[in-house]
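> Each chain, letter by letter, is given below.
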Amino acid sequence: MAAVPQEGNTIGPLTPWDHVYLALLARGMSRTEARRRARDTLERMELADYQDQPADTLSGGLRQRIRVAMAVATDAELVFLDEPTLGLDAISRRRVWTVLKDLCKEGRTILLTTHYIDEAEILSNKVAIVNSGRLITSGTPSELLSKVEERVRVDLSGSKFSEEEVGTYGRPIKVAERWRVFTDNVRAGELTQEAVRRGSEVSVAPVSLEDLFVELVGREEEEC
Amino acid sequence: MLAAKQVRSAVVIGYMLSITWIRRNLLSLVWLFATPFSILFIITVTTRGQAFVQGVIGSLLLVLVTVGTGLAGDGAWYRLEVKLLDYFIASPVHQIGFLLGIALAGLFFTTPALLVLIPLLVYLGLSLASLPLALLAVGMVWLFSSAIGYTVSTYVRNLRNGWQSGLALSVIVGILPPSFYPAELLPTNLLWLAYLLPTTHAVLLLRVLMGQTVNLSGWSPLLGWIMLTGLLLVSLFATSRAARWRQT
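One line per chain: the protein sequences are A and Y, in this order.
Heads up: the first sequence runs through residues 2 to 225, numbered per the numbering used here.
Heads up: the second sequence runs through residues 2 to 249, numbered per the numbering used here.
So that you can see chain A by itself, here it is in the shape it has in the complex:
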């Protein structure tokens, strides 16, 4: 097993190479294998250009990628990642996602905890939603999405529609100053046309795991 704990840090002036290579040696890997894996992982994580720079001179995103690299470089069958992309910019997140997808293709199991629901949806074969230490539901992303009755969500700027009006098209919730309406494809089309006619900003998207999460966790908290 290998792990990336949440919100850790790198070790002072040690370089990315020191972190990855020496951690592999400490785990008992041979020098040749450790060297090969360290080189390969630093390249995959796009850290090769920084491999000889002290970690305490690197950005927070690069340091986080070093920590992920320490676990990814191992030969562990199970890799546990606790919020691995926390604090990373969008490009770095996608870089980490690619590496994690590659690990899955190699047949390794990844257990990933995240608050980014899109991350869970994109990366996972199986998702478990946990609230306050209690498992609410689990399944493949498509299984979980099938639990939401509506297929589509329509986001509208709020001032041009009343709650009664949007309620005729589906199930509305207020998100900041916008209406989010969960509905089916036909009524989403009708609502979009009406929004365009009134000059309202509108966007349409499929229902996501985040919507399910908000619904399930919100319901749990109301019941509490």
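Because the hints were derived from the structure by calculation, they are not lab data.
Please note that a few of the clues may not be correct.
Stated by the list, open to error - No more than 30 Å apart at the CA atoms, straight line, and that leaves these computed lysine-lysine pairs for DSS-like:
1. A/LYS161 - A/LYS106
2. A/LYS127 - Y/LYS84
3. A/LYS127 - A/LYS102
4. A/LYS148 - A/LYS175
5. A/LYS161 - A/LYS175
6. A/LYS106 - Y/LYS84
7. Y/LYS84 - A/LYS102
8. A/LYS148 - A/LYS102
9. A/LYS106 - A/LYS127
Quantities reported herein were computed from a predicted structural model and do not represent experimental measurements.
Model the placement of chain Y on the given structure of chain A, informed by the hints.
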């Protein structure tokens, strides 16, 4: 085989957290020189050189005690800030390998000070034949201090408490016992308290090994070795039982 792997892991962890660090940050060596050599300087000046030998013995022990008890802070840093403890918990490295690794890291940090103090002891009268025994005695104090420091580190909740605990422990284990002054000057009841610390026995043993006379009724080199070994075993046992590893 398993033990050999753990020793290898410990040496790599020790190297990773010290030699690699020192190579990239020489400033980190300064603090280990500062306190022991300052005390040695003060003692030498105030006794007009008469307590120089005692001062060198005390400095040697204080250096090792400081890095050992310093694990209270370093260990907390590895656990709370770097999360290195979590990384190694999820690896084939066992707790004893990790403890030995971070303790070795501390020891490697002391190398420059040891390279001054040990030859100085030989120059001041420690025979080369006695050197292995002297190193064994101070090594046991280092291991004792490291075990205690590490155990404390697994309990502290913030780094500041870690550093503070390490400093307090180094005063108790390294400065208060008769390492910088002759044990003969201690009142009897305090002497019995001092006997509960391995530093006292290591200092007395070093004095004997250097040909000095120890005038303490009830203490002998044999008793010193027994106490030193016993206290070390107790500290290692306590660490194995009390130090947190996989527990939350």
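> Hints first: check each against the structure and report whether it holds.
Comparing the hints with the structure gives:
1. A/LYS161 - A/LYS106: At roughly 48 Å apart (the allowed maximum being 30 Å), A/LYS106 and A/LYS161 break the hint.
2. A/LYS127 - Y/LYS84: Given that 30 Å is the threshold and the Cα spacing comes to 27 Å, the pair holds.
3. A/LYS127 - A/LYS102: holds (13 Å)
4. A/LYS148 - A/LYS175: holds (21 Å)
5. A/LYS161 - A/LYS175: Given that 30 Å is the threshold and the Cα spacing comes to 13 Å, the pair holds.
6. A/LYS106 - Y/LYS84: holds (28 Å)
7. Y/LYS84 - A/LYS102: Since the Cα atoms of Y/LYS84 and A/LYS102 sit roughly 25 Å apart, the hinted pair holds (cutoff 30 Å).
8. A/LYS148 - A/LYS102: Holds: A/LYS148 and A/LYS102 sit about 26 Å apart, inside 30 Å.
9. A/LYS106 - A/LYS127: Roughly 15 Å separates the two Cα atoms, so the pair holds.
Checked against the numbered hints given earlier, the structure breaks only hint 1 and satisfies all the rest.
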